[in-house]
Each structure stands twice: as structure tokens, then as C-alpha cells.
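Here the structure of chain W is known, so what remains is to put chain L in place on it, guided by the hints.
Protein chains in written order, with my numbering: chain W, 6 to 238; chain L, 26 to 753.
Simulated from the structure, these hints should not be mistaken for laboratory data. There could be a bad hint or two in this list.
Okay, the calculated beta carbon distance ranges per label pair [said to hold, decoys possible]:
no., chain 1, residue 1, chain 2, residue 2, range
1, W, 176, L, 71, 54 to 62 Å
2, L, 99, W, 189, 47 to 55 Å
3, W, 189, L, 100, 45 to 53 Å
4, L, 432, W, 160, 41 to 49 Å
5, W, 154, L, 752, 27 to 35 Å
6, W, 176, L, 424, 34 to 42 Å
7, L, 75, W, 30, 52 to 60 Å
8, W, 157, L, 424, 39 to 47 Å
9, W, 231, L, 154, 54 to 62 Å
10, W, 155, L, 702, 53 to 61 Å
11, W, 160, L, 157, 39 to 47 Å
12, W, 44, L, 343, 28 to 36 Å
What the simulated footprint calls covered on chain L by chain W, stretch by stretch (three residues with Cβ under 8 Å from a Cβ of chain W suffice, anywhere in the stretch; the number is not a length) [unchecked claim]:
no., segment
13, 163–172
14, 450–461
Glycine residues also receive a C-beta, built at the ideal position from the N, C-alpha and C atoms.
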Amino acid sequence: MRVAVVTFPGSNCDDDTVRALTALGVSPVRVGHRAQDLSTVDAAILPGGFSYGDYLRGGALAAQAPVIESLRAEVASRQLPVLGICNGFQILAEARLLPGALRPNRQGTFRSAWQTIRVTRASPLFWGLEEGELLRLPIAHGEGAYYLPPGQLAAVFGNDQAWLQYVSEDGLLHTEANPNGSVANLAGVIVGSVAGLMPHPERAMADYLGSADGARLLQAWLSGISRRDGHAR
Amino acid sequence: MRASDVGLTDAEYAEICRLMGRAPNALELGLFGALWSEHCSYKNSRALLRRLPHEGPDVVAGPGGNAGVVRLTDSWEVAFKIESHNHPSYVEPVQGAATGVGGILRDIIAMGARPIAVADLLRFGTDVHSHHLRQGVVRGIGLYGNAIGIPTVTGDLAYSDTYATNPLVNVLAVGLRRPEHAIGASTAKPGQLLVLLGQRTGRDGIHGASLLASQDFHGSEHDSMRPTVQVGDPFLGKLLMEVTLTAVERGWVGALQDLGAAGLTSAVAELSESSGVGATLWLDRVPLRQAAMTPYEIMLSETQERMLMAIDADRWDDLKALADEQEILATVIGVVEPGEMIRLLWQSEVHAEVSARWLVRGCPRREVTDEEWEGFRRPVPRPRVQAVAPGRGGARDLKSLLLDVLAHPDVRDRAFIYQQYDSTIQTRTVWGPEHDVAVLKLHEEPVGVVLSVFGTGQWASVDPYAGAAAAVIHAVSRLAALGAECLGITDGINAGNPDKAESFGQLGGLVAGVADAARALGIPVTGGNVSLHNETAGEPIWPTVMIGAVGRLADAAHPVADVVREAGARLYLLNPAPLDLGGSVVESLAGGASPYSLGPLADYRRALDAMSQSVRSGLVEAVRVVGRGGLAAALVRLLLPAPPSLGIAVTLDEDTDDAKRGRLFNEGVGQWVVALRPTCEPAFLRLCEAAQVPVCRLGAVTDVAALSIDGRVQWTRAELLAAWRPLG
Chain W
6 MRVAVVTFPG
16 SNCDDDTVRA
26 LTALGVSPVR
36 VGHRAQDLST
46 VDAAILPGGF
56 SYGDYLRGGA
66 LAAQAPVIES
76 LRAEVASRQL
86 PVLGICNGFQ
96 ILAEARLLPG
106 ALRPNRQGTF
116 RSAWQTIRVT
126 RASPLFWGLE
136 EGELLRLPIA
146 HGEGAYYLPP
156 GQLAAVFGND
166 QAWLQYVSED
176 GLLHTEANPN
186 GSVANLAGVI
196 VGSVAGLMPH
206 PERAMADYLG
216 SADGARLLQA
226 WLSGISRRDG
236 HAR
Chain L
26 MRASDVGLTD
36 AEYAEICRLM
46 GRAPNALELG
56 LFGALWSEHC
66 SYKNSRALLR
76 RLPHEGPDVV
86 AGPGGNAGVV
96 RLTDSWEVAF
106 KIESHNHPSY
116 VEPVQGAATG
126 VGGILRDIIA
136 MGARPIAVAD
146 LLRFGTDVHS
156 HHLRQGVVRG
166 IGLYGNAIGI
176 PTVTGDLAYS
186 DTYATNPLVN
196 VLAVGLRRPE
206 HAIGASTAKP
216 GQLLVLLGQR
226 TGRDGIHGAS
236 LLASQDFHGS
246 EHDSMRPTVQ
256 VGDPFLGKLL
266 MEVTLTAVER
276 GWVGALQDLG
286 AAGLTSAVAE
296 LSESSGVGAT
306 LWLDRVPLRQ
316 AAMTPYEIML
326 SETQERMLMA
336 IDADRWDDLK
346 ALADEQEILA
356 TVIGVVEPGE
366 MIRLLWQSEV
376 HAEVSARWLV
386 RGCPRREVTD
396 EEWEGFRRPV
406 PRPRVQAVAP
416 GRGGARDLKS
426 LLLDVLAHPD
436 VRDRAFIYQQ
446 YDSTIQTRTV
456 WGPEHDVAVL
466 KLHEEPVGVV
476 LSVFGTGQWA
486 SVDPYAGAAA
496 AVIHAVSRLA
506 ALGAECLGIT
516 DGINAGNPDK
526 AESFGQLGGL
536 VAGVADAARA
546 LGIPVTGGNV
556 SLHNETAGEP
566 IWPTVMIGAV
576 GRLADAAHPV
586 ADVVREAGAR
596 LYLLNPAPLD
606 LGGSVVESLA
616 GGASPYSLGP
626 LADYRRALDA
636 MSQSVRSGLV
646 EAVRVVGRGG
656 LAAALVRLLL
666 PAPPSLGIAV
676 TLDEDTDDAK
686 RGRLFNEGVG
696 QWVVALRPTC
706 EPAFLRLCEA
716 AQVPVCRLGA
726 VTDVAALSID
736 GRVQWTRAEL
746 LAAWRPLG
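Bound conformation, chain L alone:
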């Protein structure tokens, strides 16, 4: 077996020989191949990720574990993380997406937390094949989430041809745990037994991490790669979840690690390395689905629904009885040892002997100099004349332009997707997928978790730095609209082949954008995921970052409305952005592509504070964040679910048609449309002035059931609804 068979370079092979002081045998080489893959080692991204801010007053566990954990209340902590399953979902959409959900749920469970919510962040092309992929992916997410009983409460979806041969399937999960049930992989002690729980190990998913997830596609992998995709079993996943969480709650578990990418290899290496211990595994004891599997196959299998647990020997009988009752397999497959060596035995014979440290930390990683980092933060030069001046997007009249924007796939209603997901199970869902954010109220307390997810598409297509920073601000501005505090964010980075300078630059731009925005807003990044090699036949995707922000809402049963309620309310635009259409839906409708426009980061923090303070002071009757489709789409969303007699009348200050379009359709982040009772108006204006956040009067809620702009252009609510939510 050669290094390239397991996805390693000659230089990496030489480093393995140097570390070991000898040449690895085939099994050992396989272990290195898996853990030194891009997917497991983050060899091209770790130096970038190190520059993200990780500290915050509520951070309990930052990056490095299976998921980040933040403090919600004195008696509850929230574990959350995003993960990608892009390549598997392209090869086999239903199972690829289903196992993506199963995998991220086990990451949450491995922190001792009970999953309470899933979110899906998806990117597809616009051709017929992409349409089928989307149907399969949505089915797969529902297949797993619905059956295991975790609600899918929010999501993000956008389309572009750039994703046609490389769809993105990022899944985020959130869990709750009591502080006293905190567990992780780093607490194993010598002498403890290593117990493998769950599914029998089969030949599925071998080389998933090293070959499927860590290499480019060339166009013909559909069939040849299918055996590297795993198959999910949510029924077994449910039983495994109950056994694992019960064992954690009863205090039986010394350390816990799920089996995901690179299977048992990654699980035992991560657990050993982070605990500072070694391990002996008796591979002939691993329960198999197929006879005659080799040690190599057992170690590299990515069979789903498995957990690795380190327990004291005197807990074994209890654990076994619990597992038997739930009809889950539990098998002692090894023991934790002092030192750092992992020994793999097959019928008492040592077949491999490697240090956990070499596997987890030994991979040569790409360094990033300060100078390179500064380069990533430099804005992409803006064209002197914007590719699409506001007027050119408006070859069509304003009336049809808004309807086109509403019907754009990035803006239109997603009920046809989220209705396939159970969003109400577990009875915490105060706001589900029909809102911009999910609000989940704890059963035991008035407090709730707010989950806001948003990813870039077009925004980061030209300037990844600006787009990524904007995505962070946008996700957090939805929390501010509820007056919720942001506790932390998770980032899912998706980019092309890092060996190409251009793609690496895009990767760097995304991470730098997230880092700078998070730092400016004072928000920790508690973990995330990096998916590289998102390219097919040499064509990379748009660099894309998916953000999940978790917030704390004091009175979760009563979030401030995102719909207007009564005629007479005044409408304001808080923190109006410059009239720049870079990255907007209107620009893409006109075929343009200019960089996204980002303002000074410190200004956004002031605006976010003013927004949440207005809500917490009880001044705001309803609010919507301006996002895709701009102010115009936000006004429509504010109106459509309202009582049928209401309408909105807006008068714009801008004097030219171009400027009016710039106002209505720019997608600058950190803008909110706010509806106020007239009596609250003075206090609101005082608050904004004191905070030095600009605000402009838009108009009022009327009892004429239409949206009207400047009294000249008018849309009935039926027209707006028909564009936004077409039948069929």
C-alpha cells in the first residue's frame, strides 16, 4: 500500500516514518491516512481558525471538543455545533443528508447534552439534477430528524449554479445539559474499560474522511464513491441516544466520544490524545456486521450509530444491563492505558502501535503569517462604476421588480421544505421555521434559546471577507431583534481546494471575516467545521460560510412580534445602509456581480445594542431584520402574516428612482424595520440618538390592505403573497 492510496503525500509519508522511527505497516498507514486527512486534521485551516476569538463570559467549552458549550442559566448549558456533509449528499442525497443529521446529533450527545433542535443550511444549483438532489436531501434530513424525535426548527437555503455539482449540506444541532452532567472525551483514565456501543461495524463508509470528504471531485464519482457513503438508522440512533444519556446522567461515564469520520480510529485517537492516555484495543472483539473484516476495515469503517465510552470496570455490569434493556449492543473492546501509545491487537497479536499524539497532532500543518492574514482582510477593490447601477437593475418597473425579488428562490417562502420536518416535537417551539429565527422555551424556566442561522451565497462570492463578516452580523442582528443576548456562534466554512492559491485566499477571507466581525461584536466562536475540496472538475464553489448563533431570551414565551398588528403604528428603518446593491438579489436578477458592501464593524455593534435595547425597553411593537431581498422584502414579510385588513404605506426620502431602488433593495446588514406605537416614538428616537445610530422614518401601518410606496406604486396583499408563496 502506498501513501497515495490513503490520500497522503510523499512528504507526509516521510514525516510518518520520522515520527515512528520506522516505516508504518499497511494498517498503521491507514490510520494516518484517515487522521491526517483534511477532514480530520484541519491541516490547511487550523492556523486560520486559531485566530478566531473563542473567549466569552458564558463559554463553558470552546473549540476542540465535539461541540461548543455555553451557559444559558445557572442550571442549563447549551451545546451546539455545525457540521458539513457536502460530498456524501452529492453522491447519495438521502443517506448523505440523513447521516449528516445523525452525526451532528451524536456530537451533541457526546457532550452529555440532549439534542433539542436541528437546523439545516443548504445550497443547491438551479438545474433539474439539483432539484432532485434537493428533494433527496430534504427527505434525508426529515428521515433522520423526524424519526429520532428532534425538531428541525430553522434553516437557510440559497441557490446558485456554482453549487450544481457541489451542493452544500451543513447541519447544526443544539442540545441542553445540566452542568453536573458535563462530559467529554478528555477525561479517560488508565484502567478504564473502552466500551463500544450501538451498531455492529460493517464495511460501510471506509475512506469516507480521507477520500470522499478530503478530495476534489472530477465529475464521475457518482457511482464509484457511493460505497464510501454510510447509511443511517435513526431508530438505532434513538436507542443509542437514550442509553448514552442515561449512562451520563447516572454518572457512569468516564469519557465519551462519538464515532464519526474515520470511525474507531478517530474516536480512540481523539479520546486518548485529549485525555493524555494510551489505549489497547482488541479488534477481534468488535461486533461485526460482516464476517472476515480485516483490522484495517474495522478501524476505518464509518458505520453510523456507534459511541465509544470509557468507564470504570465496576460500572460495566450496570451499563450492560441498561444496554440490554434497550436492546443495544455494548461490548468491551479495549482498555485505557498509561502513556500515549495506541495498540491494536487481533487475537493477542499486535497489529499496529502508534502514538495518539502523532495521529492527532503530528500532521504537518500549513502556517499562516501575519502578513498573509492581513492580506485576507483587505477588501476586494470595488469597481468605480458598480456593475449594476441601481437604475440598470430597474430596466423593469418597480412594481414587477419587487414581485420578481419575492419570487426569487433565495427569498421566497420555504414552507414546501420545512413542512417536511417535524418542528413541534419536544414542545419547546415557540417560534418555528416560519419565522426568521427559532425560539425554544425551556420546560422548567421562562428562559429560552434563540437559534439564528444564516449563510452566505452571493454575499461572499466576490469578497469572501466582507460576505463572511456580514453573515455573522446578520445572524446576530436577528437575535438583537428579539432583545436576546448572543452567547456564541458556530461557523461552517465551505471552500474549494486549499492547494490552489485562489481557493486558499478565499478560505482565509472567510475565516478573517468571521474573526473580525465576531471580535468587533464581542462574540465567541465556540467551534465549527471546515469543509474544503468543494470543487468538481476544477471548478470551486463560491466560498461559503454558514453561521449559527445561539442566544438567550429572558421571556421566551413572549417574543416581540415579527408581524405588524394594528393600523397607525409608525414604521422606521433603524441604521439605514448605503445605497449599494453589491451582492443583492436585485443585482443578480440583472446579471451583475459586485462585491458586498460592508461598513465599519464598530458601527454595527452600536446598532445591535440600540436594537436590543429598544426591544428590551418595550418600545417596539414589531420588527424584521433586513436581509435577502432588502428593505422591500422585509416590509412584505412584516405585512403578509398580519390581519388581512392591514397594509403598509411607505414614503422614501430618496429623490431619484435609482436612489429609491437602492434604498428598497440594498442588503446591507444591521438594518431593521421597526413598527412602533405612536406613543413610543419619542423614546425610541431619543434612544437611537443617544446611541448615535441613524434612523429614518418610513411610513405607517394602514387599514388599506396593500403595500404602497410613495403613493405611486401599490401591491395588493394577494399579489405579494402569490409571488412569495406560489401555489404548487
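Same shape as in the complex, but just chain W:
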């Protein structure tokens, strides 16, 4: 399986993501922001970081990079699985590959913490990740408040696009479990073959790092790709 890790100047979770995929038995290919042709990859991850410094808005400049047009074309033509993590999610939202926007955290400051996430809807993209499952993952972002224009929230939930939500440690959905002011505690969304989430699964790859739930999430994504494409792994 060929999984592309797409980097932009200022990406800084690319090494962690490559390491995580390698640990799961995949040999990822690094793809730069100028890449024009993604026809030979089976899936792509946009890792976290501060692309172009994020001086304008998280992901705003990266969304204009040539590689995004290549991604858009592959998503449209063959439903290429794409996973955006943190800054990658911001980029996908800025590129309109996912709905909504990531605004500055409600408290006005960067927030780094361990956070419990609940799988709101199971998706064939993440094979084996069940609805209601709880995952413990780190978050680390300054602009993670997921926002949807008025009226779109019902559509996102109605179309099974609401994927992950921030919950308390015991799995309860309430305002105090919301670390950044995201609408409806949304931590991740899926549209078609494109998924985005603010937490960092690539950092939760072993119990000694605090949790191995990230490995579970990424493995589910890889399994989803394998099953879809009929790849032997």
C-alpha cells in the first residue's frame, strides 16, 4: 500500500506520522507541496504543523499549494482516502474538501492536553472503529474551534459527517469536556473519502506515551483502505 505523507513548509508532525505508519507496517512516501501527480498513491495523510507559519490563518496558505489541486482531483475521480490531522484538518477545511472552519480556541490560547474522543458515527473509512468507542488522544492546537455556518450542523449530523466528538473521560458529552469551543464538541468530520480531526493519533502509539489509541485509529484507517482496494497487507 502506498500512503503519501504530504508536507508543506512548516509541517512539523510529518516525522511522527511517518514513524507511526512505519510502526503499523506501511512504508509511507513523502510528498511535497509542489507535487502535481498523486495518481500512484492509495491514500494520503496531511500531518500537523504550522504550514507557512500559519501567520494568516491555520491552513489558509497551504490550501493554495499545487498538491491540494492534485488531491482534489484524485478525491473527485477515484475517492482517494485523505486524512487530515490538526493542521491537515485545517488545510482540508480551508480547501473546502471538508465543511466548516477551524477558528481560534474559545479561551484564546493554545491548548495542549490529553483528551477523550468518542466515535459518533462508524465509517467504512475506519474499519473496525465502532460507534460509541472512546479514544484517548493528545490535542495541541491554537485554532481548533470547529465552526459551521448556521443551519449546517443538522446537515453534518444528518449526513453522517459528524465523526468524532470531545467527551469527558467517562464518555459523556457536555460543554466542560469541550477543550476549544468546537460546535457540538466536534473533533473530526468525514465527507466521502476525506476525513479530518484535530487530535493527534500519531502521538498515541504506545501505552508508555500515554495511550495506544492512536495506533488503533490509524490501523482502522489502513484496514479501511485495504478492504476497499482489496489490497493484501
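Just chain L, lined up with the frame of chain W:
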């Protein structure tokens, strides 16, 4: 231009004329002004620093380079160093702190090491303005560290009014390198090209070293000094880091020096002097951000995100292609020459010609006699009656006293700060800022780096020698609590105006305390930083030393717990200290100020050995080091993150209330609270006895969810948590 315009004295000017055999021109005088500043020359501190122990079995590079380097394993070395950015952070907190992080990261990169961790050591006042300064500083540290992708994994924070107009912002960085990628500034060879990488040079930060960092404040510098502060760009810093480290890994780099204080002047002088070479610089080739900058401004600019590299001419095309790909500017601005003269050319005309040796080594330095040194080591006389006898701190009852201690800003939870720092990126963080030390496990090996940082505040306020020695012991005792070996320490010294006898005495006390403690523990000091002139309107800060200790942990994925785990475990206090409240939180709550009490240094080494041996023998279930807030705070920290059903019951041997308070709240270093399974108790006691380290039984872990003392005073866990981590 006069000597005083660049911060030099008449005597120093006379020495420059003597060395040069002529009067310097304005540009040359500017070069001397920068490099002979306190900040760059260490003219008042070098003779003191020379007395620190630098040798150790694992030391790869000691002081003198951009950072110290120690051996971690056969295939990994650790570079680490602390740096101050105090005055810039007072003038402009966000950018001052951000560029402090950027600057220390480039020091690590300049050793060929990839940064893996940052720690922040901060001191603020308690007024409203200090509150805003703290918010700005924390934002600035996060701004740079988060964006460049280096986790901020631990820190140290304390408050006192003494820091209100002189906050301390010390930042420590740690990096990893392969031994074969070792590089430094001292290996440039004649004929190599000098390449300037990174940001275009602008008019920012001119005179940062000579005026901002090396002079006292008088109270009105807020606005006038702001142009001397630099602005950080972590995005460019990230690209520059990747280009630099890639070039080092590919073996293209002959010598490497970052541009920090005193900019290009310091970089070219340090590189030339340490390599024993000269240099010619073509200043008209330096890429500029603003047109019409003068040679003087180009040489003195402290624009951030720049590196100076010496490379063989046949590597230039490779380096240029690499830099182009990352969209980083790389420009040949000069050439390494034989000899020792640095020539600055502007359109083929020589504008300055000075020896690197004069710039780096020529500055007249203050000498320290053995007699003076002995004076620094003499303890401050103790008052016959302690200003705060234990009983007087306890006008209030024990129940509320502990809650007050937990709520004290030096003791309380710091989540509201460290949650603004990315602490998990790079996926090495086994223990992050919610613990007393950071544990970072290598990706490739089971081994890890343990980073322990601790600085004085109140401890060194009356007796700098005792406080500084205690800080070293305290930082190292946290490594011992994990059974980790200490490989080396870095020290950040912060004191007042060295021209005043009292401040110089305090500076000497701090250095002597670090020296004696490090020597007694057999630990090398591999580098550090000295920040003087920390005074505003004639009022110096408390002499303050910040210590960073780096350790090696064999099995980093499984550090021994710092939280109790099951009811029935026995609690012991290893190496109980005398019942002396000097320098403690309880003393400050009662308004007292007596000297910190330090025991014989050799005893601490025995205690440290016993502690780490107990852990390595697998006897210890959980352990906490006694620190600020004393034994009582350590017990609370041992309990709060534990399963909610657990509690701790303690019975004290002391018979009076005063003595009990002395036991609970003294902050003597080298004490640990240890939790043991009952089956491990005999072996632990035998080990302590054989090591001649005293130990006293405290009590046990219970299944009553509270802390109780002598069965008389009891706190529920909710009460303790509410005091330690107030909401909002």
C-alpha cells in the same frame, strides 16, 4: 562616537587603543562594544565560572561551545544549555520570550544536534503588570516552540515582588545528535567559504547585547528600548533548522555558528577565534531587509533566524540547491583566512580590521582571588532565633496552613501554563510537564533522557551560596528518584549589577554554591549562562540560579511512579532534614526571611546514591522528592493523581506542634517520600542502613480517600485538589 555610546568604559577604550596600536574607527569601536559587553565577554563572571567542575566520564563538550554535550549511549549524544532573555522579555514579553526560545534552539542546532525538548524557568512579580508579563511570556514561548515543533516538556516557576520590574525568562533546550555528526565553531579552515543562511539582515536588535542585556534598567526603558528587541519567526526557524541539520548530516559543514547576541560580529569572531583563523567579510553581499544599512548596522544587527557556516568551496552548489529547495536564503559573504585578523570590506574597501583574539579574549576581566572565593563560600550567619519559629508560622491551624501552602503560587498546579505548550510532539514524551521531571524515550532504543529543571527564588534570597548548592542537589535528587544517572548540569545565573560589591558577592555566592555542590556530587557543569545587571532603579533581584540537570534512564518507557497505587503501601521519608524553615513557603507566608539551611554536602551524595539504588533494585513502588511546600506538599502530590479511593495516613514522631510543622514544611533538599510494598520494607531498610542514610517511617497508603496527620487533622482529596488546582 565615544566609548560610552557602545557601553564601554574609558579604561576599556584605552586597552583597545593599546591592542590595536591606534584608535579604532567607529565601526571597530562598535565591534568591541558588542563583544566586550558583559553579555558576550562574561568579564565579571569568567573568573568565577572557571572554578566550576567541568570534567566527567560522559562529557563530550564542556563550556566554551554553543552548548555542552554529554554521551547518552554509544550512538547518541545530548547537547543542552540554558540561556536568559530577561531584559528583552520585560521590554516586550511575547517577542522577548519567543526569541529566547529561538536563540537557545539555534545554539543546540549549532552543535549538530536536533532539538527534542525545551524547558522554561520563569520568575515574575505578583502585581497586575507582572501578571500581564507572565501571560505574554508564556504566549511567546508557546508561539515559537509550538510552531517550530519542539515540545516544551518541563519548567520551573516562582514569584516574588523582587522580580516585578525584572522578570526572569531562562530557557533551556536539549538536542540529540549522532557522534559522527558532531560539529562546532572551532573547525573552520582557511580557504573555506563563509555562508550566511536564513533571514535577511534588518535593523532589529542593534545594541541588544551591549545596551539592553548588559546595563541596569532605570524604570523608563519600556518604550525607548523596544527597538533593541528582536522579532522571532518560527516558520523560518524551522526551515533554517532543517537546512542546517541536513547539511551537517551530509558532511558538508566545516564549522557552524549561530547568530545570536551581537549578531554577525559575535558569530564571525567566535568562529575565527575558536578555529584559530581569520576572515574576510564582504558586507555589501549580506542580504538586507532594509536598503541603505551601514556596515555598522549590518555587523551589530541581531536579526533572528540566521546561521553562519564555513564550507569547502566545492560544497557550495550542493548547499545552495538544498537551501533553494527549502526556500531559505544562502549567501557567500566571506572567506576564512589564515592568521587571526577579521577584515570587513564594503565594496572592496576595508572598513575595519581587528583581531578575532582581541574581540573574544582581549576584554579586561575581573580576577577573583582564592581569598575572595573562600569568602563566597562562607555561610551567611544564622540568626540565633529564627525569624519565624515553626510555631509562629502557625498562628493558623495546621488544617488551613497546608491549604495555604498548596495554594501558594510557588506550589500550586501549573496546568494553566503548560497546557499552552505542545508537550507531546516528536513522540518521545513519556513524562511531560504534569510531572516533576520530563522523561523522553529515544525512538531507537529503550534508553531515555531525563530532564530536571529547578531554580532558586526564596532559597537563595538570604544566602546565595546555600540556595545555589541546594538547587543543584534538588535538581539531581529528582533524577535519583527515577534511578537515573546524572550526566551533567547547565546553570543559568541571574544577578544584579556586578559593579556593586553586594551584587558581586551574591554572584560569587551563587557560582560557589553550584561549584561546591556539583563537585561534591561528582557532576560536571557543561555550560551555562550568566545574566547580570538584573536591576531596575537601583534595586537588584534576589540572586537566582536556574539549574538544568540531564540524566540517563535505562528503561525510559517504565519510570517508577510518582503516585501511590494501592492501599497498604508503607510510606517512608528518606534522609529527613533538620526542622528548619529557612527559605520555605511557610516562612514566607508568615513574612519571615531567614537563610536556607544546608547540610554537609558529602551527606547528600550518600543519600542520592541510596535513593537511586533503592529504585534500581526495584524496591520502590512510588516516590516524590520533597521540594517547595515541604513534605506536606510532596505527600499531597503523591496522592492527588492516585485512584480516587486511596488516601494517606501519616503519624509524625515529633512531639510538639512546632516540631511537627518543622517536619511537614521544611524544604531541606535531598529528602524523598517513598512508598513501598510491605514485602520490600526489610530490604529497603537494610539498604538505607548500609548506606548510613537515615530514614523515618511516616505511615501508609489507606483506602480512606483523605490525607490525615496523626489521626487528628484530616483533609479530603477534594479539599486538597481545590487548593492546589483552583478553578478558573
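Results of checking the hints against the structure:
Remark: the range hint 54 to 62 Å for residue 176/W to residue 71/L is upheld by a beta-carbon distance near 60 Å. Here the CB-CB span from residue 99/L to residue 189/W is close to 53 Å, well matched to the stated 47 to 55 Å. Separation of residue 189/W from residue 100/L is about 49 Å and conforms to the stated range, judged on CB atoms against 45 to 53 Å. Distance hint check for residue 432/L and residue 160/W: the Cβ-Cβ separation is about 48 Å, which falls inside the suggested range of 41 to 49 Å.
For residue 154/W and residue 752/L, the hinted distance range of 27 to 35 Å is satisfied, since their beta carbons lie about 33 Å from each other. A C-beta distance of roughly 36 Å is found between residue 176/W and residue 424/L, which places it inside the suggested range of 34 to 42 Å. The hint said 52 to 60 Å for the Cβ distance between residue 75/L and residue 30/W, and at roughly 55 Å that hint holds. Look at residue 157/W against residue 424/L: about 54 Å separates their beta carbons, and that is not inside 39 to 47 Å.
Separation of residue 231/W from residue 154/L is about 59 Å and conforms to the stated range, judged on CB atoms against 54 to 62 Å. Evaluation of the 53 to 61 Å hint for residue 155/W and residue 702/L yields a pass: the beta carbon distance comes to about 59 Å. Checking the proposed 39 to 47 Å range against residue 160/W and residue 157/L shows it holds: the Cβ atoms sit about 43 Å from each other. The given range of 28 to 36 Å is respected by residue 44/W and residue 343/L, whose C-beta atoms sit roughly 31 Å from each other.
Closer than 8 Å: that is the beta-carbon criterion, and the segment 163–172 of chain L has 4 residues meeting it against chain W, so the requirement of 3 holds. For the segment 450–461 of chain L, the stated coverage by chain W is satisfied: 5 residues place a CB nearer than 8 Å to a CB of that chain, which reaches the threshold of 3.
Of the hints listed earlier, the one the structure fails to meet is number 8.
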